[in-house]
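Using the hints provided, position chains B and C relative to the given structure of chain A.
Protein chains in written order, with our numbering: chain A, 1 to 242; chain B, 1 to 242; chain C, 1 to 242.
Any given hint could be a false lead.
Identical copies go unnamed one by one, so any copy, or any two together, can satisfy a pair.
Heads up, simulated DMTMM-like pairs for lysine to aspartate or glutamate below, C-alpha to C-alpha not over 20 Å straight-line [what the hints assert, rightly or not]:
{"no.": "1", "residue 1": "K232", "residue 2": "D166"}
{"no.": "2", "residue 1": "K118", "residue 2": "D177"}
{"no.": "3", "residue 1": "K232", "residue 2": "E196"}
{"no.": "4", "residue 1": "K232", "residue 2": "E108"}
{"no.": "5", "residue 1": "K118", "residue 2": "D165"}
{"no.": "6", "residue 1": "K99", "residue 2": "D147"}
Hints listed in this document are in silico derivations from the structure and should not be mistaken for laboratory results. Just so it is clear, the structure is predicted and the values come from calculations on it, not from any experiment.
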Amino acid sequence: MLFTDYGWRASYVGQLKTAIYQTNSVATIIDLQHDAPVFNPRAASYLLASLINFVSTDAVVLAIVDPGVGNLARRPLVMKADGRWYVGPDNGLFNVIAKQAEQLAFWEIDWQPEQLTKTFHGRDLFAPVAAMLEMGESPEMTNLSTDEINFLDWPLELAEVIYIDDFSNALTGLRGDRVSTDMRIRLGERDVGFAETFSAVGEGEGFWYSNANGLVEIAVNQGQAALAYNLKIGDPVHMYLP
Amino acid sequence: MLFTDYGWRASYVGQLKTAIYQTNSVATIIDLQHDAPVFNPRAASYLLASLINFVSTDAVVLAIVDPGVGNLARRPLVMKADGRWYVGPDNGLFNVIAKQAEQLAFWEIDWQPEQLTKTFHGRDLFAPVAAMLEMGESPEMTNLSTDEINFLDWPLELAEVIYIDDFSNALTGLRGDRVSTDMRIRLGERDVGFAETFSAVGEGEGFWYSNANGLVEIAVNQGQAALAYNLKIGDPVHMYLP
Amino acid sequence: MLFTDYGWRASYVGQLKTAIYQTNSVATIIDLQHDAPVFNPRAASYLLASLINFVSTDAVVLAIVDPGVGNLARRPLVMKADGRWYVGPDNGLFNVIAKQAEQLAFWEIDWQPEQLTKTFHGRDLFAPVAAMLEMGESPEMTNLSTDEINFLDWPLELAEVIYIDDFSNALTGLRGDRVSTDMRIRLGERDVGFAETFSAVGEGEGFWYSNANGLVEIAVNQGQAALAYNLKIGDPVHMYLP
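Okay, chain A solo, but in the shape it has when bound (with noise of 0.2 Å):
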């Protein structure tokens, strides 16, 4: 299960895919998404959270978002929790996963592959360690208590816009089941209010709901509600009780 920022262009994934194969010839490996907020572990965080119940409770997750400054060069990590394996970078990228967990370990990376480039770990060095651990096999690693890892004091929920899709339809970091329905979403001088789906408003008409990931999502009937609202990645988000 790959989930990263390394789009679709380019020979990346490619890459990624051709690794994985090298070390476990039989895996199962599934896309999940390339195009996480790029050099944003924080939004991407709340993101995966959304998309993991869906995901096979004994899946290896290979996530890798590039948190764009300071070194490159993160803690490698691997956690497991709730029966699932993840491994990447400790940059904040598995932490909302991780306080929704009831069962939750980490370790650091002490494998290393032959070659390390300095510029692509994802291929020479997660990769491989995310095919051992589908196959059942332990790379070496080391514990690691959770007071060592980073960004744990991230919240539960965001109140930002944390992906806009094709439709441009922005996804937020907020939760569905947890806010009224009554409430309503400012967005600069106008505001939304909620609808179960899109055919419950009118053709151009904007409104927020609960998406299929139980995520508040800000929408426009066959309409493109990032654009016409001007929103993106770490916009706030306003909800409030008119």
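Then chains B and C, alone, in the frame of chain A:
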């Protein structure tokens, strides 16, 4: 075999595959196309029909194109046509294939998943049903007669642009083997004649040809036909004998 | 292992895979890259060569890049180089790999499918041949001597931009391990020096580095090199010792 309008961005295709593997962990999934004409099951129906002859005769085809208007919750449909299974909404998407089929049957899906969201029937309902059919299992469903199916009055060919590819070639819903190569296509104030291949005309010259799937396609050698002739999906295509 | 210029849109890649599975229903297909430089087998040849060391040594590589000019129906070629099979048109695409190979042989494909369209040899001819080779079967083909192969005079390195990725990094056809890190690259009126990684230079600063596949790559830390320096595929790359 997946044919959708989900696009490659976001996690929609990834979640579809996750749901298929949850039911059938050894499924072989082929992404046939994920940029079927958005909000246009009619154009998509001609496109899908042009691709189907190259698909294995025992394939399960999971096809989803959002009609964009009215209630999204169209009757969930299973069609069996000449050995292949088709799973998707009853919005016309399978109708061109149905009209060409020698053996044909329809069912309404009665099976229900434990959790059915309002906005992602592809993942929650259609994907598990397709996975069951590929395993040889039969989900609960009720036979439908042909006259209960929507839009079966669509013609066998469509004189419209049905798709524009990345090379800016414009595919039409017309069959190349049913028109004379003496015919020309009027495109605004210009028109183009037939050529067998790209290299048969000069650089920058427009022409039409019968593409590798049998459809009349408008192209420009080393150029961009849809841009040059200002073509978009749904534009009428006028063929005439000069 | 697929390497093409088909793009992810439309059904071209999907049809290629469908054709492979028709011949070999248990094939393992990896999408290495589908946005190889369009109409540019020369640039693509250096790109493919940079990726090949990470590919399994018994892989079958199906590679297609349209030359864009002249007759599309180039001689269909099979190459075996250091254990790996390569299938595609004889347009130079495999030549950088050929020049580096210790064991090398070429064949012209004589095998013909029942139905061969004029415009989709990838699906009709190359895909089944690649699938047969992966199964250990041998399609009909005739040995060729090396001096019958097109474009084997291309140099081992190319001082040009050969690809621009989604992050606007510009890859060149030069090998990082064959140039001194004291060298600079002139880019119009500006120039950039070497840095080991992105984080070694300031935000917005340009540099060149040896990328994870060994190529000299021009980048800007948290910026967009190709945009900033107005680079496109085919632009010459001037390295010099200041």
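How the hints compare with the structure:
Both within a single protomer and between protomers do K232 and D166 lie at most 20 Å apart by alpha-carbon distance, with minima of 13 Å and 19 Å respectively. In the homo-oligomer, the alpha carbons of K118 and D177 lie at most 20 Å apart only across protomers (14 Å), although the nearest pairing inside one protomer, at 43 Å, exceeds that limit. Taking the shortest Cα distances, K232 and E196 never come within 20 Å of each other, neither inside one copy (23 Å) nor across copies (32 Å). Taking the shortest alpha-carbon separations for K232 and E108, neither the intra-copy value of 34 Å nor the inter-copy value of 41 Å comes in at or below 20 Å.
Taking the shortest alpha-carbon separations for K118 and D165, only the inter-copy value of 18 Å comes in at or below 20 Å, while the best intra-copy value is 31 Å. Taking CA atoms no more than 20 Å apart as the test, K99 paired with D147 passes inside one copy only; the shortest distance there is 12 Å, against 53 Å between copies.
Violation of the numbered hints given earlier is confined to hints 3, 4; the remaining hints are satisfied by the structure.
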